[in-house]
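Fit chain P to the known structure of chain X by using the hints.
Each chain, letter by letter, is given below.
There are 2 protein chains.
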Amino acid sequence: MKILVSGGAGYIGSHTVVQLVAAGYDVVIVDNFSNSHPTVTGRLEALTGTRITVHSFDLTDHDKTEHLFATEHFDGVIHFAGYKAVGESVEKPLEYYENNLVSTFSLVRAMQRYDVDKLVFSSSATVYGEDQAAATEDRTTYATNPYGWTKVMQEQILRDVAVARPEMRFALLRYFNPVGAHPSGTIGEDPSGIPNNLVPYIAQVAVGKREKLMVFGDDYDTVDGTGVRDYIHVEDLAAGHIAALKALADTDEPVHTWNLGSGHGTSVLEMVKAFEKAVGREIPYEIVARRPGDVAVSYADPSKANRELGWSTRKTVDDMAADTWRWQSQNPRGFAG
Amino acid sequence: MKILVSGGAGYIGSHTVVQLVAAGYDVVIVDNFSNSHPTVTGRLEALTGTRITVHSFDLTDHDKTEHLFATEHFDGVIHFAGYKAVGESVEKPLEYYENNLVSTFSLVRAMQRYDVDKLVFSSSATVYGEDQAAATEDRTTYATNPYGWTKVMQEQILRDVAVARPEMRFALLRYFNPVGAHPSGTIGEDPSGIPNNLVPYIAQVAVGKREKLMVFGDDYDTVDGTGVRDYIHVEDLAAGHIAALKALADTDEPVHTWNLGSGHGTSVLEMVKAFEKAVGREIPYEIVARRPGDVAVSYADPSKANRELGWSTRKTVDDMAADTWRWQSQNPRGFAG
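These protein sequences, in sequence, are chains X and P. Going by the UniProt record's numbering, the letters in the first sequence line up with residues 1 to 337, in that order. Going by the UniProt record's numbering, the letters in the second sequence line up with residues 1 to 337, in that order.
Only chain X is shown next, with the shape it has when bound in the complex:
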């Protein structure tokens, strides 16, 4: 079984590649390396003990995408590729819509032409808009920023494609907050510029790259006033993709939507404490104003994925902190170091 992984050199993609190989799949990566590093390939080969084929081009290029599908037959596609920074999407909406939608058009067009019928798609809890507490998959979807809208729109497009091509199978995976790293410490999240997300930011403070953490608001209606999120270890998330891919091979329903989260919320300060335990010293932080657009609480209802995929998260918040710290301390400058 040969699987094409778009964005396979990226954060979630790379961890999924490791598990795909371990599960016996042949893996082919396509990545434009716009937000990932070529070093990843060598690390993946070391981790998996196998040669990984990597095609370096942009999926928005229809001709190159077609050519790839004409040359190799895939049994399924896991589609991670896409821009993902909320703030940047507000500043560059057209670039976000174009990149995220056109790469999906190109991929699905090639799948249709070359009879590849299974697609696992990276969606996001952002499709629940501001209603992310205990979100179930049947909620109305909407977004509060262009990045989020690209996910809402891609889900709708795939659902409509499924009506026209009922032989196709789609898994729409709505991720909550992926964190952590491979336990080896050789691959992990390597954001370019100032991290937008809490855990990479804490990690960069812990390793001395940033002075202190900014905590955006401590007056939310939560356990300690700081924002609460459902963090999911990237290893658990990767396992969810393998489970979804297997489920698509054995279903009559064209489209499945699954929340991938732990079902538990963790506050900013709780995550800081877990890091302090992992690192062995205090993480300096400062409480600042709320960040516009942030919701107080977000956590999944993962019961549908638990039930239908036989999948649930296994890693704890302490695992997330320890694994992130191992990756960050061994690679203080990320993949470029």
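Simulated from the structure, these hints should not be mistaken for lab results. All clues stand as given, with none of them false.
The list treats identical chains as one, so a pair stands whether inside a single copy or across any two.
Think about it this way: if two alpha-carbon atoms lie no more than 30 Å apart in a straight line, the pair counts; the simulated DSS-like pairs of lysine-lysine are:
hint, residue 1, residue 2
1, K273, K209
2, K92, K64
3, K212, K277
Below, chain P without anything else, positioned relative to chain X:
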């Protein structure tokens, strides 16, 4: 003032071109002629007494679009180009999403690069989903088919572009049911294949091209049991575009949404009667089952456009029937005849 009209050889586009020229604008058309006829150009030149520049290429071609904007400066764009058949969109969703979204990406990208800041966009009452009775512009938008979703999505994309580029001005015009033709009878609606809409179908029955009209359901909760729609004469609709274009030149608000409709509903059988009067003989029809996806009643609340644009419909249902009949009887085979 030079205006680029995409899809300017199409039904609504061509009627708008005539009024733009009459209002003193220079007009440049871009059209791929996938659903329009080259003959239109000569008819437009005869009607306007002026030479019309027509570029024949597909807007989804970024390079050609860029080149056009590099060569000529436009003061504004009216964007009609797009696929528009609901049923076909269900069968070919990917083609609809790709064509309609990518042409808008290409156009807006070129506008940004060459500082063209005014866009009048062809949206549709279909963004009100199944809630089309007395719809006001603040309703939540959603669709019931891929064609409709392309309109919902394009509106969202343009709203997000406006946030990032506050110097731009967008008019989102939500059309109800455009019918009728230019009073000269030289341009009009020329659908390829079996017409999806009532009025072109009646016209083809009247001219002997089709045997009888199929009326989809007579058991709706309406005046006579048949479906009720808000028909707007294409001449009134074209005038709405000119009014919107002028309004964009004189506003601080980046995005305006206006319903373009009469505010009145007309039943299928009322439209049949208007045609019988125009044609001077009976239109044979048969009542058949309801068509899946049809709503009972759709009519605009056009009060926002009335108030803000100083625009309202002037033509009657009898005008619609008479003008459609003049076009159809003078051109029984459409532009190809």
